Amino acid sequence: MGGTLLMGAVAYDPKVVTIWDGFREWFATKGLDFDYVLYSNYERQVHALLAGHTHVAWNSPLAWVRAARMGPVTALAMRDTDCDLTSVVVVRADSGIESVADLVGRTVAVGAVDSPQATLIPLSHLRSLGVDDVKIQYHDIAVGKHGDHVGGERDAARALMSGAADAACMIDGNHLLFGVEGTMPAGSTVILAQTPPYDHCNFTVAPGAPAELVGRFRSLLLEMSYDDPEVRPLLDLEGLKAWREGRTTGYAQLERAVEEVGFYDGAGNVTAVSYRP
Amino acid sequence: MAVGERVEVRGRAPELAVHLRAWCRAQGHGYDWPYVVRGGAEGAHRRGAEPAGGPHAVADRPSATWGLAARGALVEAGGPEFAFALDEKEAVWTGAAAGIYRQALAAQWDPAVAVDWDEPFDLPEEVEAAVVQVMTYLIENENAALVVPARFLGQIHPHFREVVAVLAVQVADEARHVEVFTRRAELKGVPLGLSTAGGQASLLTLLEEPDFALAHFLLSVLGEGTFLSLLSFLERWAPDPVTRRITHLALADEARHVAFGMAHLGAVLSSDPGLRPRLATAVRRRHDALAATAGLNSEVFDALVVLAAGSFTPAAIADGFAKVQALEADMDEGRRRRLAKLGFDQSEATELADLHTRNFM
Chain D
1 MGGTLLMGAV AYDPKVVTIW DGFREWFATK GLDFDYVLYS NYERQVHALL AGHTHVAWNS
61 PLAWVRAARM GPVTALAMRD TDCDLTSVVV VRADSGIESV ADLVGRTVAV GAVDSPQATL
121 IPLSHLRSLG VDDVKIQYHD IAVGKHGDHV GGERDAARAL MSGAADAACM IDGNHLLFGV
181 EGTMPAGSTV ILAQTPPYDH CNFTVAPGAP AELVGRFRSL LLEMSYDDPE VRPLLDLEGL
241 KAWREGRTTG YAQLERAVEE VGFYDGAGNV TAVSYRP
Chain W
278 MAVGERVEVR GRAPELAVHL RAWCRAQGHG YDWPYVVRGG AEGAHRRGAE PAGGPHAVAD
338 RPSATWGLAA RGALVEAGGP EFAFALDEKE AVWTGAAAGI YRQALAAQWD PAVAVDWDEP
398 FDLPEEVEAA VVQVMTYLIE NENAALVVPA RFLGQIHPHF REVVAVLAVQ VADEARHVEV
458 FTRRAELKGV PLGLSTAGGQ ASLLTLLEEP DFALAHFLLS VLGEGTFLSL LSFLERWAPD
518 PVTRRITHLA LADEARHVAF GMAHLGAVLS SDPGLRPRLA TAVRRRHDAL AATAGLNSEV
578 FDALVVLAAG SFTPAAIADG FAKVQALEAD MDEGRRRRLA KLGFDQSEAT ELADLHTRNF
638 M
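Just so you know, the sequences run in chain order D and W.
Here the first sequence is numbered in my numbering, starting from 1 and rising by one per residue.
Here the second sequence is numbered in my numbering, starting from 278 and rising by one per residue.
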């Protein structure tokens, strides 16, 4: 088996270099020639994947949705922590807001415009509950990185606590985190709504990627064990305990949200107004 | 609970189900409200972990991966390796370290409290200038005695924490000595004295010695050992109460440093007798390196005479000169005694004591 498997990843944080350098070294010890290319944003990464510049991309769910519109891609693997996430819409405990219907006409703080978990999915969920008429307050940190940076969600939470917004949207884990770190002290907020479970990132394989290399990549990922002290720091950095087989059943909510706001067209062109990655 | 077993979670917090889901995901457990299904990741950090020695057992060669971990801690596998160059018990350890450390802590003193800086005294101009010159000399020597252990401190594996602790306090002791000698030098507004090229060259050879045992031998056994005589001399013949007090306080600290040096070198020599000729060579090499320098500068020598004289009359100067001669004999005798205690035979002890730098430290 010859050749190099080339993966695209988005540089949303300096630790991305540490992570993929570590994976590169580990794959080398297993006989897989693996290398990576960093992109500043997911739109460029997806474009490069479909243009054949890379074989695989470590894609956000939104990047997956776009790639799937652009060509016959497959989802190879994902983290255990990418499965069955939920987002929540929270209000201050003393706000007097008791149901989602009370949000009509009010200000809802969300993450970056391209954040699946803190913007697109929870707003779609509110719409499904009949709440369409809200003032959306975006917290655009690291636009183009599809909400990978926690800063947008934290700013939305701060806006809620300061009274600049009436509600805030965030992933369930960040509601827990913001309570622990004191951004939203425990008991100070009430969860008004919770989305159904959805999935997050995956390794997206380009059409025409070398099947043997991709197969080897997949089997090596799935055999990575959290019990292995060489591997564990890499998994800790990337935030997982185990890789799982890729599945595409968890992206329906995001597909619907993309349709509702016209984020991409059917061919995967960016059609979102005022989205400048 | 075994992996795959379930536990039901109950609670009154309204967010419990939301938070439990997020927590389970982060911890690698399954979530099936109101049950948590135990995953296999928990405890992984302990699998393959290695104890960093026993809590009461000092390892002969602590692993580089034990790093900064507490002695006896369980160290997770896969951690970084720390390049502590001094990682052999034989080279650094002495069982006396813990006791010396306790003594050192109990004997700490605060210059602001232990010394009456306002006690009135008035010295003849020449004697005050002599005291200031001696203080100038002491300060640069104390600086050397601070830097040498500080340089090795960061190289010793933290597993040998008692040794690290003794050296850390020793560094703090020297910082305090620098402070009090500086304060005495500046007490009467007389400008500081001369720092000579020969004196600094002698101290530089101490700083440049890369071997811990050799550096410790040259600094603490020979240098600070010699300083015990000097500080004792200064305390005895000090012309003013402040000089008498600060040299008394410094002397007690230096005696502890010498005791640690002797204990360390004694322990190393007992397991490695081959070190003894290397120690001798180090003394000869330092002597050769300093052969072209002036040794103790005349300013310091004269200052010691005047300080001991207490006044500038010919009779007092003659008396001071005799006292300094006795000091040098006492220093020589002390060096020979300590070298003999480390197992050098009489003739070699005499030869090496004689070769020790004329700059005292």
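These are calculated hints, taken from the structure and not from any lab test.
Since we're looking at a predicted model, the values are computed, not measured.
For each residue, glycine too, the CB sits at the ideal point set by N, CA and C.
Mixed in with the good hints, there may be bad ones.
As the list claims (entries may be wrong) - Now the in silico label distances, taken between C-beta atoms and shown as ranges:
1. D/ASP33 x W/HIS333: 47 to 53 Å
2. D/ALA211 x W/TRP300: 35 to 41 Å
3. D/GLU181 x W/GLU285: 24 to 30 Å
4. W/GLY355 x D/ASP33: 19 to 25 Å
5. W/LEU481 x D/LEU237: 17 to 23 Å
6. W/ASN420 x D/LEU237: 41 to 47 Å
7. D/GLY31 x W/GLU285: 33 to 39 Å
Checked hints:
Between D/ASP33 and W/HIS333 the beta carbons are some 50 Å apart, a value that agrees with the proposed interval 47 to 53 Å. Look at D/ALA211 against W/TRP300: about 39 Å separates their beta carbons, and that is inside 35 to 41 Å. For D/GLU181 and W/GLU285, the hinted distance range of 24 to 30 Å is satisfied, since their beta carbons lie about 29 Å from each other. The hinted range of 19 to 25 Å is satisfied by W/GLY355 and D/ASP33, whose Cβ atoms lie roughly 24 Å apart.
In this structure the supplied range 17 to 23 Å is violated for W/LEU481 paired with D/LEU237, their Cβ-Cβ distance being about 46 Å. In this structure the supplied range 41 to 47 Å holds for W/ASN420 paired with D/LEU237, their Cβ-Cβ distance being about 44 Å. Here the CB-CB span from D/GLY31 to W/GLU285 is close to 46 Å, at odds with the stated 33 to 39 Å.
Hints 5 and 7, counting from the list given before, are not met by this structure.
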